[in-house]
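Colleague: Chains as they are written, first to last, in this note's numbering: chain A, 130 to 961; chain B, 8 to 233.
By construction, these hints were calculated from the structure, which means they are not laboratory data.
Be careful, since some hints might not be right.
[Claimed, not checked] Part of the chain B face toward chain A, derived, beta carbon under 7 Å:
#, residue
1, 64
2, 78
3, 80
4, 81
5, 90
6, 116
Positions of the beta carbon are idealized from the N, C-alpha and C atoms, including for glycine.
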Amino acid sequence: MFNPRLIRRQILGSRHQSIVFVLCVLLSMLTLVSLSGFSRSVRSSSLRDARELHAADIIIHSHTPFSSGLLAELSDLKQKKVIDSARITIFYSVVRAETQEVSLLAELKVVEATYPFYGKVELVSGRSFREVLTPGSLVVEQTLLDRLNLRPGDKLKIGNALLTIRDVVLLEPDRPVNIFALGPRVFISEVDLAALDLIGKGSRVDYRILVKVADERELERIAGLLDNAALPDRERVETYRTAGSGIKRFLDNFLFFLNLIGIFTLVLAGLGIESSLTAFLAEQERTIGIMKAVGAGSRFIISHYYAVVSVLGLFGTLVGIGASFLLQGLLPNLFHGLLPATVQLAISWSAVVEGLLLGLLVVTIFTFLPLYRLKEVKPRAIFGKEEPKRLPSRATWIFAILIAVFFVSLVLLRIGEVKIGAYFILGVGLLILVAWLSATGVLWALKKLRPANLVLRQALKGLFRPRNATLWIVVTLIAALVVIFSITLVEQNLEETFVRSYPADSPNIFFIDIQPGQKEAFAKELGIAAIYYPVVRGLITAVNGVTINREQEHRKRGDNLGREFSLTYRRQLLDDERLVTGQGLFRDDWSGPQVSVLDTVLSMAKMQVGDTIAFRIQGIPVEARISSIRTRSRASLQPFFYFVFTEEVLKDAPQTVFTALRVEKERTAALQNRIVARFPNISVIDVTATVAVFSRIMERLSLIVRFFALFSVAAGILIIVSSVFATRHTRIQEAVFFKILGARRRFVFAVFAVENLVLGLTSSLIALLLSQIISYIICRTELDLGYRAFPGISLLMVLAMTAMVIAVGLGASVSILRERPAVFLRQQSEEG
Amino acid sequence: MAILEARGVSKSYTIGNRRIAVLDEVSLNVPDGEFLVIQGESGSGKSTLLSVLSGLDSIDQGAVLIEGREITNLPEDELAPLRNVFMGFVFQSFNLVPALTALENVMFPAELRGDQQARDKAEKLLARVGLAERAANFLHQLSGGEKQRCAICRALVNDPRIVFADEPTGNLDSVNGQAVLELLRQLHRERQTTLVLVTHSREIAGTADRVVTLRDGRIGVDNTYV
């Protein structure tokens with residue numbers, strides 16, 4: 130017997146709680162559904178534009194010049210007119226203005242005339258890229274012109290060549306995002322590569338061959354032929370379908386992290402759903418008592434209120450889906466610079482279905498307990514008799530288990546990785562537990578206080594008024610604020626260490642790609658004592674005889690053994706290194722190749738002294754025994770190497786040399802110009818400028834994370850609002866009695882304000898303490914940084930959050946303050 | 008057979024650390040069709056006695072029987088339909104559902120029972136008490152007397168065997184109070200419903216078939232009239 134009119138009237142009669150309930154449902158799904166839709170849009174854009182994203186059907190990568198076997202296969206296929214190909218060579222080098230003593234690190238991309246096969250390089254002039262990039266010409270990014278004070282028509286010295294700037298690039302199809310670049314783009318014709326004379330043995334170069342197939346149906350077969358001809362572990366052949374892209378991997382990782390925050394918000398919003406429904410049903414208690422008194426059974430009552438909840442939940446879900454799409458529309462602005470311009474946002478129906486299912490699940494699970502508890506409402510509730518508090522019933526435990534199962538399932542489904550999922554679940558569980566324990570302790574202490582000040586005394590009593598969800602408000606706020614405070618503190622410490630106060634002993638300028646034969650001349654030109662690090666590129670093929678699965682390694686989050694490493698050789702430890710295991714860097718009593726391993730590698734694979742690692746170094750297999758495990762004794766920007774060999778293993782391998790120096794800021798430009806003029810092949814990286822680039826990226830990323838974390842704070846805010854409305858009658862009663870007894874309106878205002886002040890301060894201070902601890906642990910153990918507490922910023926965060934709680938609490942209480950005693954008293958007598 | 012019987016009923020409440028005995032081994036028989044008044048001063052336990060007799064509240068000791076069937080230990084889900092069919096309630100504070108109109112309030116118990124004639128019966132009852140034109144009004148649009156008349160209609164819509172009235176005139180002025188009382192008596196006579204009414208008013212008690220006086224949780228006097 131559902132009574133739609135009664136349902137509607139009850140919802141409207143308790144509209145404040147109904148609105149809070151709807152908003153909690155909305156909040157629970159907002160971030161997850163918007164991120165889900167956003168991810169799908171990015172992914173489908175990537176797939177749709179995959180060819181453009183790679184500018185080819187097949188992409189072959191290598192960090193060394195291509196092997197003759199592969200080149201022969203390519204030539205054969207080209208002759209048969211089955212494919213067309215274009216060579217690309219990408220590397221960093223310093224470029225100089227012809228007439229000025231200014232230079233700049235730029236990312237050079239040397240291309241053959243057929244590039245790109247798909248997509249278009251868009252130029253400011255609107256002309257065809259292929260027409261503009263003729264031998265002797267350059268196409269550059271606007272940033273280069275701005276920084277070197279040049280314009281089209283001017284000349285640029287690159288290596289040993291002097292080339293003319295012809296146009297400015299706006300969009301590059303296979304580099305959709307340039308936020309991570311260390312220098313502006315410069316396009317050069319393949320014909321001019323030799324003239325540059327910049328590439329030597331061991332130079333850090335990204336060699337690519339782009340292939341276009343004549344017949345799409347032959348794609349896999351041709352890719353297979355090329356893969357067979359390629360050198361394993363050195364030359365990688367991928368099709369546009371299988372090739373990953375750096376930006377996609379970055380976005381996947383970042384969205385993964387944001388999803389974790391979305392799940393966290395969902396849990397807090399779920400608590401808000403439970404809290405607001407409990408408050409809603411508390412307002413209905415007398416009605417429920419009356420219904421039971423006239424014969425309604427529990428089944429009828431629960432069914433009726435489940436219908437109410439379903440109406441509100443459905444409405445909240447639909448509004449939530451709408452809001453998710455709105456938020457999804459805002460995300461491109463938020464991710465500006467991190468997203469390819471070609472990403473098109475689309476409303477995905479699978480995201481809609483996911484949203485509906487999520488909303489249904491969230492509402493069902495988080496409303497289970499309050500609805501089930503309706504059984505406990507007795508008819509004597511009409512007499513205003515409160516039921517005695519009971520120990521948690523079986524239903525409470527079922528509720529807790531349901532929530533736990535839901536949370537764990539959601540985490541594992543969204544994250545897809547059991548280990549990280551388990552850490553996340555443990556972390557959130559621990560956070561809520563610690564928040565609950567600390568909140569309980571502090572509130573217990575506050576309850577014991579008997580301050581002399583009347584306003585403060587009444588305010589503290591108000592915290593413990595019946596149906597005031599003070600504990601859950603504080604717990605939710607603490608949990609949400611810990612996330613935001615921690616992000617801020619970690620970011621500040623990173624900024625402090627690497628940007629604002631650049632470590633005094635850290636190098637600020639790196640010279641890389643020094644050829645071994647140039648070392649002496651370079652040192653003389655440099656005129657400063659420096660440590661020179663030889664660098665040889667190599668891959669790991671096996672550990673203790675177990676072959677590395679490169680595909681599996683690449684899929685891991687964080688660093689992995691599947692990538693290419695910079696290997697070096699020397700005889701002693703560096704100043705900032707110390708041994709963890711091993712008698713010395715190398716063992717005199719061992720024969721054969723030895724390698725010392727940095728302890729960071731142990732997080733990628735289990736290794737110990739005595740184990741063997743198989744490398745492929747410039748095509749030559751080398752198996753080395755681990756002689757020691759090192760660690761860095763302090764965090765710094767000094768160069769470090771994961772693998773250090775004995776000299777005899779690598780000294781004859783093709784290599785480059787680099788050095789890192791500390792130079793006064795005023796001298797860096799002149800030094801750079803002088804070195805590059807004499808040694809055009811040497812790349813000079815001004816680390817402080819690079820750090821500034823990363824600082825901007827970090828700032829953008831933490832802004833995005835904080836934006837999403839704010840939604841979890843919103844959950845706490847909603848619980849505050851719900852609690853104010855739940856205790857509305859009692860608050861009005863208090864306010865009226867105060868006034869009857871002679872208090873002015875400002876006294877009542879002060880009591881409510883101080884109550885919210887205590888609430889806000891308690892939550893913020895506990896959150897600050899916890900986040901200081903968490904941030905300290907992250908900075909010291911994970912990031913290996915020093916730690917500062919940033920008292921000023923901490924105080925600001927506490928004050929801001931407290932002010933917000935006061936504003937919300939008072940805002941919700943405004944109508945209570947306006948209530949007139951006579952009106953209230955008359956209503957009371959009428960109701961009996 | 009008595010329609011309603013209490014045997015050695017005791018009831019106490021815990022307030023803070025104190026246990027307060029409200030009813031102390033109360034025994035009572037109510038024959039079918041009787042108009043019984045339970046009288047007593049404020050705090051004598053009369054409202055509590057009413058609530059335990061009607062199954063609205065539990066007891067610590069003793070037994071309550073309705074038509075010979077013990078209801079003392081019945082679970083709430085069995086008591087509810089019993090109340091729906093067998094009993095009607097009129098409270099001092101009216102205890103109508105604010106979100107329902109007068110007509111809907113009266114219909115509610117009948118709808119719970121699945122009575123297809125619920126609307127008809129409710130309209131007739133409201134007309135009987137002079138509220139036909141107020142059927143569509145919500146509670147805040149009714150006066151105290153009108154609310155109580157509405158509550159009486161609700162109590163009678165399922166033709167209960169017993170009507171429990173707890174200080175039905177307590178929140179009304181004397182004119183309305185008299186009118187409500189007279190209505191209750193009329194309906195009791197017309198329908199032969201057993202009427203158990205709680206009051207502290209001797210005047211009202213004087214109109215009953217029998218008066219039971221409670222003092223400090225015990226039955227002090229049990230007379231046919233005062």
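Colleague: How about residue 116 of chain B: closest beta carbon in chain A under 7 Å, or not?
Modeller: Because about 4 Å separates residue 116 of chain B from the closest Cβ in chain A, which is inside the 7 Å limit, the hint holds.
Colleague: So, as I understand it, the hint says residue 90 of chain B touches chain A; can you test that by seeing if any CB pair is closer than 7 Å?
Modeller: holds, 5 Å
Colleague: Regarding the hint that residue 80 of chain B lies at the interface with chain A, is the smallest CB-CB distance below 7 Å?
Modeller: violated, 15 Å
Colleague: Against chain A, run the beta carbon of residue 81 of chain B and see if the smallest gap drops under 7 Å.
Modeller: violated, 12 Å
Colleague: With 7 Å as the cut and Cβ atoms as the points, is residue 78 of chain B at the interface with chain A?
Modeller: This interface hint is violated because 13 Å lies over the 7 Å limit.
Colleague: Tell me if the interface restraint on residue 64 of chain B is satisfied: Cβ within less than 7 Å of some Cβ in chain A.
Modeller: holds, 5 Å
Hint compliance for this structure: hints 2, 3 and 4 are not met, and every other hint is.
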